[in-house]
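Peer 1: One-letter residues, chain by chain:
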Amino acid sequence: MAAALPAASRARTAAAAVLLLSCCGAALAGGVQDQAEQFFRSGHTNNWAVLVCTSRFWFNYRHVANTLSVYRSVKRLGIPDSHIVLMLADDMACNPRNPKPATVFSHKNMELNVYGDDVEVDYRSYEVTVENFLRVLTGRIPPSTPRSKRLLSDDRSNILIYMTGHGGNGFLKFQDSEEITNVELADAFEQMWQKRRYNELLFIIDTCQGASMYERFYSPNIMALASSQVGEDSLSHQPDLGIGVHLMDRYTFYVLEFLEEIHPASQTNMNDLFQVCPKSLCVSTPGHRTDLFQRDPQNVLITDFFGSVRKVEITTETIALDRDPAGFESKFPEDELATEPLKYAEQLPVAQIIHQKPKQKDWHPPGGFILGLWALIIMVFFKTYGIKHMKHIF
Amino acid sequence: MAAPLVLVVLAAVTVRAALFRSSLAAFIAERVEVVSPLNAWKRVVEGLALLDLGVSPYSGAIFHETPLIIYLFHFLIEYAELVFMVTDVLTAVALYLAIQDFNKVVFKKQKLLIELDKYAPDVAELVQTPMEMHYIPLKVALFYLLNPFSVMSCVAKSTCAINNSVIAFFILATIKGSAFLSAVFLALATYQSLYPLTLFAPALLYLLQRQFIPIKLKSKSFWLYTMQYASLYLCSLVVIICLSFFLLNSWDFIPSVYGFILSVPDLTPNIGLFWYFFAEMFEHFSLFFVCVFQINVFFYTIPLAIKLKEHPVFFMFVQIAIISIFKSYPTVGDVALYMAFLPVWSHLYRFLRNIFILSCVLIFCSFLFPVLWHLWIYAGSANSNFYYAITLTFNIGQILLISDYFYAFLRREYYLTHGLHLTRHDGTEAMLVLK
Chain A
223 MAAALPAASR
233 ARTAAAAVLL
243 LSCCGAALAG
253 GVQDQAEQFF
263 RSGHTNNWAV
273 LVCTSRFWFN
283 YRHVANTLSV
293 YRSVKRLGIP
303 DSHIVLMLAD
313 DMACNPRNPK
323 PATVFSHKNM
333 ELNVYGDDVE
343 VDYRSYEVTV
353 ENFLRVLTGR
363 IPPSTPRSKR
373 LLSDDRSNIL
383 IYMTGHGGNG
393 FLKFQDSEEI
403 TNVELADAFE
413 QMWQKRRYNE
423 LLFIIDTCQG
433 ASMYERFYSP
443 NIMALASSQV
453 GEDSLSHQPD
463 LGIGVHLMDR
473 YTFYVLEFLE
483 EIHPASQTNM
493 NDLFQVCPKS
503 LCVSTPGHRT
513 DLFQRDPQNV
523 LITDFFGSVR
533 KVEITTETIA
543 LDRDPAGFES
553 KFPEDELATE
563 PLKYAEQLPV
573 AQIIHQKPKQ
583 KDWHPPGGFI
593 LGLWALIIMV
603 FFKTYGIKHM
613 KHIF
Chain B
-5 MAAPLVLVVL
5 AAVTVRAALF
15 RSSLAAFIAE
25 RVEVVSPLNA
35 WKRVVEGLAL
45 LDLGVSPYSG
55 AIFHETPLII
65 YLFHFLIEYA
75 ELVFMVTDVL
85 TAVALYLAIQ
95 DFNKVVFKKQ
105 KLLIELDKYA
115 PDVAELVQTP
125 MEMHYIPLKV
135 ALFYLLNPFS
145 VMSCVAKSTC
155 AINNSVIAFF
165 ILATIKGSAF
175 LSAVFLALAT
185 YQSLYPLTLF
195 APALLYLLQR
205 QFIPIKLKSK
215 SFWLYTMQYA
225 SLYLCSLVVI
235 ICLSFFLLNS
245 WDFIPSVYGF
255 ILSVPDLTPN
265 IGLFWYFFAE
275 MFEHFSLFFV
285 CVFQINVFFY
295 TIPLAIKLKE
305 HPVFFMFVQI
315 AIISIFKSYP
325 TVGDVALYMA
335 FLPVWSHLYR
345 FLRNIFILSC
355 VLIFCSFLFP
365 VLWHLWIYAG
375 SANSNFYYAI
385 TLTFNIGQIL
395 LISDYFYAFL
405 RREYYLTHGL
415 HLTRHDGTEA
425 MLVLK
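In order, the protein sequence lines correspond to chains A and B. Count the first sequence with our numbering and you get residues 223 to 616, in order. Count the second sequence with our numbering and you get residues -5 to 429, in order.
Just so you know, these hints were derived from the structure itself, not from any lab. Ideal Cβ placement from N, Cα and C applies to all residues, glycine included.
In silico DSSO-like pairs for lysine-lysine, Cα to Cα no more than 27 Å straight-line: (1) B/Lys98 x A/Lys605; (2) B/Lys103 x B/Lys210; (3) A/Lys605 x B/Lys170.
Over 12 Å on every C-beta distance to chain A, these chain B residues come out as not near it, computed from the model: (4) Pro115; (5) Asn141; (6) Leu191; (7) Ala224; (8) Tyr270; (9) Phe271; (10) Val284; (11) Tyr408; (12) His412.
Whole structure, please, built from the sequences with the hints as guidance.
Peer 2: Spelled out as C-alpha cells, the structure:
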C-alpha cells in the first residue's frame, strides 16, 4: 500500500493545483473580460467618409480648400480612398486664375498644399448635384456606377459626412443652380437608417446658418455639428494676397488645427471637438446636436469617425463573450410581417388595357351658346348701323 | 390712299406666309419672348384636345384663354394661320381708319384754337399741316404690319394678335364716336386680358370731348354720360361672361383666366418684370408683392387722366404702353401695338431728347434676348440674372421712351400756348423741365 498513498496525495495536490489554476485563470479571464468589453465599446467595424463641397467658381476657393483639408486629415488617420466619397467642383487647381497651378493651399503664405499628388475626386465638376449626393447616401445608384462612386456602407459603418458651401436657413446651395433642404437631408438619413446603411453618423456642416441643416434630423445615432447658428453667417479665415481669395473658413480652420493633433491611437473624445472654435475665434457660434445619439459624447472617440482604426489585439487567452442585454439588444425595429410579393403580371392592369374605353366623340359647343352669341352679334350690328340700312343690303 | 394700304397689306401677308412655311415657325413659336402662358398656341391646341377627350380644358394649369377663343378655334383650327394673318390685317386696317379720323379731329381742333387766338404768335412751325399728316395713317399701318415683333407674334400664332385686334377695333369705335360699339369692344378686350380696363378712362374722356360735354365734376351731363358709358361697358362685360358660362356650363374659366392673370402663378421667364421677383421671393411676402405689382398697372390712370384730359388719344397711347410694360405676362406682340402709334406723334421728334439711345437700347435688347437665353438654358454659362438684366434694360428703355414722348408732348403743348422763346423773369432763356 506504499504506492497507493502517494497516488492519493498526488491526486489531491493535482486537484488543488487545478483548482488554484482555475481560480487564477478565472481572475485573469475577468481582467481580459474587461478588456474585451472595452474592445467592443463602439459598435462599428468600418469607417466611411462623404466629403462634399457644394460650390464652384474661383471665389469659392475656400470651400474646396476646406473639403480637401478634411480629406487629408481623414486619409492621414486611416480611412482609405476606397472608403471616401469626395465630391468637389475641382475647378480650383487648374483654374486660369490660379497663380500656382495644380495647387490648393489652406494656410496663407502657401504653407500647406492640400491638393497634392494623391487626391482622388469621385464626383467632380457638374456631377456634384443634389440628386447624385442623395443617391450616394441612399444607395439608389444605377448599376453602371463604378465602385469608387458608391457608398458601400453597412450596418456596422460609422460615416462622417462633411458639407461646406453657401447655405441659408434650411437649405444648402449646390453649384449655384439648385438647393438641398434640411427636410430632404433628414429624409435621406432616415432612408439610410431603414436600409441599415450606417451604425453611427457624424454630420459636420460649415456654411452660413449651418445649424438649420441639422434641425430636422429624426433618425437615431446621428450627431451633428455646425459652424454657425440660424441667423449667423460663417466667416472666412484669412485671404492670401498672392492668390487673391480667402483660403479657408474659420470653423474648418480651427477644426483642422484640432485634428492635426489627433493620431490613430489618441483617446480624445467628441466633447473636445464641441469646444473647438469658440465665439471669440470664430465670430459665429458653432452648434452641435447629440440628442439622437445613443452613446454619451464623452465616450465617443474622434477616431471613431475621423479615422479608420482597426481594432486588432493579439491575445492568447480565451475570452468568453457574455450576451450583454443592455448593449446588444436589437437597435433596429422588428420587421413587419412580410407581405406576399406581387407577381409581375399582376402589377399591370392588363384587363383595363385590353378593354380600353371607346374614343370620346368630338366636343361641340352647345346650341344655346351659339344661338346666344350670334343673336348678340346681330343685335350689336343692327344697333350700330340701324334697321333702315337693311333695305340697302337686301 | 387705298392702293398703298393694299400694297402694304400684301407685303405683310407675303412676309408672314413665307415665315409660316419656313422652319423658323416652330422655333419662333417656342420663344418665351413671343408667347406667354396666357397666349401660346400650343396651349390653345392642348385645351381643345382636352375638350375632345371629354375633360374641361381649364383643369390643370395649361389653358388660360377665354371660352370665346375656344369657340372661335373649335371651327377654325385648321385655318389657324389664315386666321392670324387676317387678324393682323384687320388690326392694321382698323388702326388706319382710326388714325385717319383722328387726324381730321386734330386738324379741326387746331383750326378752332388758331381762330380763337389761343396760340402764341411765333409757333407757326409747330402747327401740324395736312400735308405732313397725310401719310400718317399709312405709316401707322406699316409700322404695325411690318414690325418684326408683330410678324413674330403672328408666326407664333399667339392669341395676343386677337387681343390687339380687339383693342384696335375699340380705338376705331371710340374715335368714330360710337359709345355703344366702343363699350362692347372694350368689354371684349377686358374679358380676354384684364388690363384694358384702364382704357375706360381715355375712351370716356374722348367721347365726352366729342359730345362737347365739359369735364367738370359738378356738371350733371358729365355724370350722366359717364354713367351711361359705364353701364354699357359693365352690361356688355356681364353678358359676355354669362355667355361664356353656357359654353362649358361651368365657371371654371374665371379662376383660370382672371385668377391666373392676377395671381401670377406661372413664373416662366418672359420680357416682363414679374417672373424674377416672384421666383426668388419667399412665400409669405408674395401676396403683398403681387398686389403691389398689379396696382402698378392701374395706378397711373387717374394722374394721367388729370394731366391729359384735353388729349385723350395720347392718353390712350400712354396707357396701352403702360399696360404692355407692366402687365403680368407681356410679350412682344403687346409692344408692337403701342409702337404702331409712334408715327402719329412724329411731329414731336424735335422735342424728343433720348430717342437715339432708347432706340439703340430697344434694338440691342431685342437681339440680346435670344443670345442670353441660349447662354443660360443651353450653354449653362450664364444664369437667370443675365436674362433678367436684359429684361430690365428692355423695360427701362420702354419706360424711358414713353416718358420721353410724354415730355415732348407736354412741351409742345406748352410752347403752343406760350410761344417758342420762353424767357425767365430776368430775360434769359428758360428751359422746360418735367418735374
